[in-house]
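Number of protein chains: 2
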Amino acid sequence: MRALLLYRLDLSGSASVDESIHPVDPRTPIVRATDLGVNRGDGVFETAVVRHGRPQALDSHLTRLARSAGLLELPAPRRELWRTAVRRAASAVSVPGVLHAGELASIKFVMTRGDEIDRGAPTGWVLGFAGTDPTAVRAAGTRVVVLDRGYRHDVMQTSPWLLQGAKTLAYAVNEAALREATRRGADDVIFVSGDGFVLEGPRSTLIARLDGELVTPPSEFGVLPGTTQADVFDGLADLSVRTAALAREDLDRADALWLCSSTRGAVPVRELDGGERTMDHALTTRMNALLDARED
Amino acid sequence: MRALLLYRLDLSGSASVDESIHPVDPRTPIVRATDLGVNRGDGVFETAVVRHGRPQALDSHLTRLARSAGLLELPAPRRELWRTAVRRAASAVSVPGVLHAGELASIKFVMTRGDEIDRGAPTGWVLGFAGTDPTAVRAAGTRVVVLDRGYRHDVMQTSPWLLQGAKTLAYAVNEAALREATRRGADDVIFVSGDGFVLEGPRSTLIARLDGELVTPPSEFGVLPGTTQADVFDGLADLSVRTAALAREDLDRADALWLCSSTRGAVPVRELDGGERTMDHALTTRMNALLDARED
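Here the protein sequences line up with chains A and B, keeping their order.
Numbering-wise, the first sequence is residues 1 to 296 according to our numbering.
Numbering-wise, the second sequence is residues 1001 to 1296 according to our numbering.
Calculated from the structure, these hints are not laboratory results.
All figures in this text were calculated on a predicted structure; none of them were measured in a lab.
By construction, the Cβ of each residue, glycine as well, lies at the ideal position given by its N, Cα and C atoms.
Treat the hints with care, since some could be wrong.
[As the list claims (entries may be wrong)] Taking beta-carbon pairs under 7 Å as the criterion, some of the chain B residues facing chain A (in silico):
id : residue
1  : Ala-1003
2  : Val-1038
3  : Arg-1040
4  : Ser-1159
5  : Leu-1162
6  : Leu-1163
7  : Leu-1169
8  : Ala-1170
9  : Ala-1172
10 : Glu-1175
11 : Ala-1177
12 : Gly-1274
[To be verified] In silico contact screen, one side only, chain A against chain B (beta carbon under 10 Å); selected entries:
id : residue
13 : Gly-37
14 : Asp-118
15 : Thr-123
16 : Leu-127
17 : Ala-172
18 : Leu-178
Whole structure, please, built from the sequences with the hints as guidance.
Pasting the structure below:
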């Protein structure tokens, strides 16, 4: 991962969109020690991949950013400002010569609750970075372990303060789960609820093929509404797709599994808890072709 | 809350303790947009209150910082560096004229996993700040609601990647729980596990008096080992104190409840889920007298 560019945003709302976007060196510190983003993980974010010079699925990402902000009772993001800044960043990283061979650019955009002392406007920025082109992992697949997320499947309804379903900066548990996967000789994680329902990955949405249908768990279970999974479902109009509860056992019964995310698209699961899984390379290719072709 | 001073720490380990402590203006941004502290809440912290010019219970805080770092698989903190920096900050904020009337100084110290791009040393800082003197709340007591923490009481053993028991920067759920308390007309929260065991507050340790004994929940339940609660138990040698599981119903049965934290000491609960509770002002005063008298 390489940082390519950074825009600090003025979220006070007093300046025009153009005057609110401030390019800075990505190595320049822009967050205060008193910012709630770094003190409490108190903020929200999105990451959009850049293809054809544009941030893909930007409207879906902006909608989800606003949803996450709502769940955290943060001010509603100024949509036009974020849209402009992310698009500008995507254009800037798409200039020939910016990316090295084997890299793919993405734009991460972050809004925190702002300074704990000043209690003024939120803090915001847009980071352009180069990640690994996912072509290889889409073909090779990924090794996954199933880990307990600890919460019941219904805590989003019973206990909204647990912030399930919000894409927050408080991702330490996701990082720890990925370290646990590494320890077990795997690359990634599928979380299940404390009461045995399949949820999502720490950075991806699950699609399982069961009885000829593509199934993803419902957002009511506190999983993030997947922008990439949604576009896969939209694009496969000839197949049967649906949102439904999956039990832990359904993972074993499924004849194919995918983890979907903005930066990697649809990645097939080749190993689950150490057991080899079949991959449908033809359908994976079709999914990623439709994802990569998206214009916006 | 007012920021009083800020030291940025060089945690590369290559410099001497003195050369690793860099005073900066607290308003100067010191965290990069690519730091894992702000991107993932991936870091640990402690807060020590300053009395008699010294950070109280510093050894306990340093031990707990190292414990949290271990749970997150962060590098072990360089104890002598953190000790020196926190002590120096405590001295600096204890100079006459720094604090206003009704303020009490505390030192917060933070270590993140460092930069996501560079993957070098952790990022660290020490912040001196002025909070509200707790004398009033110790007398008036606090209004508390009981909220579900979502996890079973034993996840620290079954699912260590959930990081229960670590004092991390990923505190968005704690903040959301405190907002829920406000919404319900209260000031603070006592978390219970999904299976009905009493845990702790989002920023405090619980002590309940039951059948003449002072009881606090065990750290095996994923609660933070309370430095303040431990000193209260140590100081009340003539009373019966113990660590034991408490059920939700025990909160109703208890004839007194306290929330203990570094910055406020022992604060009695005056209302629980809207119902008035008796407070033992004499014992509260005794607890805080012994806490405030600690020399280090």
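**Request:** Against the earlier hints, flag every one the structure doesn't satisfy and list their numbers going up.
**Result:** Of the numbered hints given earlier, the structure breaks just one, which is hint 12.
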